[in-house]
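Keeping the supplied structure of chain R fixed, place chain F upon it in accordance with the hints.
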Amino acid sequence: MILKCLKPIILWVVSIFFLVLVDYAFRSANGLSSALYLNELLWFGIPLLIGALCALWLFAILKPFTLKKILIGFLLIVGATVFYLGFILFYITGTGVDSF
Amino acid sequence: MTIYIGARDLNGMPVGTHQFLLITTDKVIPVKIDGKLITPKVLGKGIKGYVIGAQNRNRRLQVEFFERSDFIAVKEYFGGIEKSFFQSDFDAELKEVSFSNSELLSQVRLFQLINAFTINQSLDPIKYPSAGFGFNSNSWAGSMIKHSGGVVDTDFSGLDIFHDRLIPITYFLPICPSASRPVLNK
Numbered sequence: 002m003i004l005k006c007l008k009p010i011i012l013w014v015v016s017i018f019f020l021v022l023v024d025y026a027f028r029s030a031n032g033l034s035s036a037l038y039l040n041e042l043l044w045f046g047i048p049l050l051i052g053a054l055c056a057l058w059l060f061a062i063l064k065p066f067t068l069k070k071i072l073i074g075f076l077l078i079v080g081a082t083v084f085y086l087g088f089i090l091f092y093i094t095g096t097g098v099d100s101f
Numbered sequence: 002m003t004i005y006i007g008a009r010d011l012n013g014m015p016v017g018t019h020q021f022l023l024i025t026t027d028k029v030i031p032v033k034i035d036g037k038l039i040t041p042k043v044l045g046k047g048i049k050g051y052v053i054g055a056q057n058r059n060r061r062l063q064v065e066f067f068e069r070s071d072f073i074a075v076k077e078y079f080g081g082i083e084k085s086f087f088q089s090d091f092d093a094e095l096k097e098v099s100f101s102n103s104e105l106l107s108q109v110r111l112f113q114l115i116n117a118f119t120i121n122q123s124l125d126p127i128k129y130p131s132a133g134f135g136f137n138s139n140s141w142a143g144s145m146i147k148h149s150g151g152v153v154d155t156d157f158s159g160l161d162i163f164h165d166r167l168i169p170i171t172y173f174l175p176i177c178p179s180a181s182r183p184v185l186n187k
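Chains as they are written, first to last, in our numbering: chain R, 2 to 101; chain F, 2 to 187.
Among the hints, a few may not be true.
SDA-like cross-link-like pairs, simulated, lysine to any residue; straight-line CA separation at most 25 Å [said to hold, decoys possible]:
1) F/42 - R/42
2) F/76 - R/43
3) F/76 - R/42
4) F/128 - R/96
5) F/42 - R/36
6) F/84 - R/87
Some chain R residues near chain F, calculated using beta-carbon distances under 8 Å [stated by the list, open to error]:
7) 35
8) 36
9) 37
10) 38
11) 41
12) 43
13) 44
14) 46
15) 83
16) 89
17) 90
18) 94
19) 98
20) 99
21) 101
Stretch-level coverage of chain F by chain R, calculated; a stretch enters the list once three of its residues show a Cβ under 8 Å from a Cβ in chain R [as the list claims (entries may be wrong)]:
22) 9 to 22
23) 105 to 119
I should point out that these hints are in silico values taken from the structure, not numbers from a laboratory.
Just so we're clear, the structure is a prediction, and the values are computed from it rather than from any experiment.
Cβ atoms here follow ideal geometry from the backbone N, Cα and C, with glycine treated the same way.
Extracted from the complex, chain R is given alone in its bound form (with noise of 0.2 Å):
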């Protein structure tokens, strides 16, 4: 099951570092250093879509629920959410789009 679990958490992965390189090839090729190449909306819009897809598809796998699959989901998203906020910190001041 566990294994089964780790296929969304992958997609999410694997997601949030294509968001992230389709931004920074195109503020490469447009010679943008200080900013987001991606519109906002599409930023903060795709993550929060993949998201609660992602989400969706875990509680699908977990299903029928008990409380030690409802602890497991929930440490994957803690997970994943850290991971995301974590991967974007580093990207968004290591590369100079902003900074603390």
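What follows is chain F alone, placed relative to chain R:
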């Protein structure tokens, strides 16, 4: 003329706060920073000023006037830009800084510090820390206020990490120090 410390949301991040300085002025007097003339810009109805912040540029903490996001954030605050309901804004927050000196003297002092910091960055650059965890733009804004004799609470709402970490005064002085400057963000 009023001197503010400001904070805004990070561009492209759901969390995180970036701090900067704002000096409003009635007069369009250019100031010379590192040989370049900087002129105040219109921020809103009848409000002009200088927006100054430190940024990660080429992995160095560098001062930038009217940085794109800082400038938009201030314009949003003063009504110089209208945003639609579906567009995210920078949620800028400004705090007026109080000084014991006159505001003109304080303004001059701030520009002196900025000028010296900018020049010193070419000699003793402060490396921008990984993911901002170290002496960062929040530290820079707070240090500027502190070293210019201003008093304000630099803790803003949101995740403004390292806002209370003071960059040593030696980075803001127009001198070649006898002892080398401490290396920050090693």
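### Query
Straight-line Cα separation of residue 42 of chain F and residue 36 of chain R no greater than 25 Å?
Given that 25 Å is the threshold and the Cα spacing comes to 21 Å, the pair holds.
#### Entry: chain F contact restraint on residue 36 of chain R - CB to CB distance below 8 Å
It holds, given that the least Cβ distance between residue 36 of chain R and chain F is near 6 Å, below 8 Å.
### Message
Can you verify the interface hint for residue 46 of chain R: is its Cβ closer than 8 Å to any Cβ in chain F?
### Response
Status violated, d = 10 Å.
### Query
Against chain F, with CB atoms and a cut of 8 Å, does the hint on residue 99 of chain R hold up?
holds, 4 Å
### Query
Are the Cα atoms of residue 76 of chain F and residue 42 of chain R separated by 25 Å or less?
holds, 21 Å
### Query
Within the assertion that chain R covers the region 105 to 119 of chain F, do at least three residues meet a Cβ-to-Cβ distance smaller than 8 Å?
violated (count 0)
### Task
Double-check residue 101 of chain R for me: the hint is only fine if its C-beta lies closer than 8 Å to a C-beta in chain F.
holds, 3 Å
### Query
Taking only the CA atoms, is the gap from residue 84 of chain F to residue 87 of chain R under or equal to 25 Å?
With Cα atoms ~28 Å apart, residue 84 of chain F and residue 87 of chain R exceed 25 Å; violated.
### Task
Identify whether the interface hint at residue 89 of chain R stands, where standing means a beta carbon of chain F within less than 8 Å of its own.
Since chain F brings a Cβ to about 6 Å from residue 89 of chain R, closer than 8 Å, the hint holds.
#### Entry: Minimum beta-carbon distance criterion (8 Å), residue 94 of chain R to chain F
Check passed: Cβ of residue 94 of chain R comes within 5 Å of chain F, closer than 8 Å.
### Message
Just to be careful, I want the Cα atoms of residue 76 of chain F and residue 43 of chain R compared with a cutoff of 25 Å; is the pair within it?
### Response
holds, 24 Å
### Task
Under 8 Å, Cβ to Cβ, is where residue 83 of chain R needs to be relative to chain F, so tell me if that hint holds or is violated.
Where the cut-off is 8 Å and the nearest Cβ of chain F is about 12 Å from residue 83 of chain R, the hint is violated.
Of the numbered hints listed earlier, those contradicted by the structure are 1, 6, 10, 12, 14, 15, 23.
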